Amino acid sequence: MAEETKTENAVTPSTQAVSAAVSQSAPVKDKGAFDPRGRGGFRGGSGNGRPDRKRSREERPRSEFDQKILTIRRVTRVASGGRRFSFSVAIVLGNRKGSVGVGTGKASDTSLAIDKATKNAKKHLLKLSLTKTSSIPYEMRTKYSSARVLIMPAKGRGLIAGSALRDVLDLAGVRDVAGKIFSGSKNKLNIARATVKALTEFTNNQQHTTDNKKTDKDLTVVSG
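Counting from 1, one number per residue, gives the positions in the sequence shown under the working numbering.
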């Protein structure tokens with residue numbers, strides 16, 4: 001018994017010395033401490049080694065034009081190798097300040113077709129000559145393909161119209177007018193183009209009237 005006790009007493013100090021040496025050589029790491037290697041730390045890019053995506057994003061400049069997609073159609077073309085699919089998009093855009101345009105685009109992807117339609121609409125922008133109240137002085141009837149529309153002034157009543165007729169007038173910034181579609185056609189692209197045709201005729205008439213007034217003034221000055 002005496003020998004066993006001596007053996008236990010001899011082993012105990014050596015075990016304590018080993019544990020003390022291990023504790024001194026490997027200090028305990030704080031969970032919230034900053035690690036230069038990118039481990040630990042807090043979320044949000046302070047210690048995880050990843051850049052903050054929210055800060056690195058650049059805000060895109062907002063376009064001055066608002067747009068409305070009229071139609072998106074999937075077109076199928078039969079070729080020798082099989083069927084090929086593409087998308088056709090019709091879009092109307094305007095700045096609500098007297099500029100409006102209608103465009104179409106076709107591509108194998110929807111986003112590409114929308115981009116093409118937007119560029120096409122910007123290429124065919126129409127600058128309107130509206131009254132001081134952003135309205136029209138007289139009614140207009142036009143026809144494009146199978147679509148027939150009527151646009152007439154409606155003082156103090158806002159914008160009264162539907163379908164693509166309303167979209168074009170709204171994005172053009174026209175107010176206090178009433179519009180009506182007479183044809184049975186539900187083709188939004190034809191209705192939108194008929195509306196743009198009516199606004200184009202109105203703008204041309206306004207410019208012609210302005211030119212005539214300038215000519216009359218010049219003749220009056222010369223004769224005087």
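Certain hints may be false.
[Said to hold, decoys possible] In silico DSS-like links for lysine-lysine, alpha-carbon gap of 30 Å or less:
(1) Lys68 to Lys188
(2) Lys197 to Lys123
(3) Lys97 to Lys132
(4) Lys132 to Lys122
(5) Lys97 to Lys180
(6) Lys97 to Lys116
(7) Lys68 to Lys122
(8) Lys155 to Lys119
(9) Lys68 to Lys119
(10) Lys106 to Lys143
(11) Lys186 to Lys143
(12) Lys116 to Lys197
(13) Lys123 to Lys143
(14) Lys106 to Lys132
(15) Lys186 to Lys122
(16) Lys123 to Lys186
(17) Lys106 to Lys155
(18) Lys188 to Lys127
(19) Lys197 to Lys106
Everything labelled a hint here was simulated from the structure, so no lab data went into it.
Bear in mind that the values here come from a model prediction, so they are computed numbers and not experimental data.
Outcome of the hint check:
1. Lys68 to Lys188: Holds. Lys68 to Lys188 sits at ~12 Å (cutoff 30 Å).
2. Lys197 to Lys123: 16 Å, holds
3. Lys97 to Lys132: Status holds; Cα separation ~12 Å.
4. Lys132 to Lys122: 25 Å, holds
5. Lys97 to Lys180: Between Lys97 and Lys180 the Cα gap is close to 22 Å, so the pair holds against 30 Å.
6. Lys97 to Lys116: 23 Å, holds
7. Lys68 to Lys122: Holds, at roughly 13 Å.
8. Lys155 to Lys119: Violated: Lys155 and Lys119 sit about 34 Å apart, past 30 Å.
9. Lys68 to Lys119: Distance ~14 Å between Lys68 and Lys119 Cα, so the pair holds.
10. Lys106 to Lys143: Answer holds: Lys106 to Lys143 is near 25 Å, not above 30 Å.
11. Lys186 to Lys143: Holds, because 14 Å separates the two Cα atoms, which is no more than 30 Å.
12. Lys116 to Lys197: 22 Å, holds
13. Lys123 to Lys143: 22 Å, holds
14. Lys106 to Lys132: 38 Å, violated
15. Lys186 to Lys122: Within the cut-off at roughly 25 Å; holds.
16. Lys123 to Lys186: 26 Å, holds
17. Lys106 to Lys155: 40 Å, violated
18. Lys188 to Lys127: 22 Å, holds
19. Lys197 to Lys106: Holds, at roughly 23 Å.
Violated hints for the displayed structure, listed by number in ascending order: 8, 14, 17.
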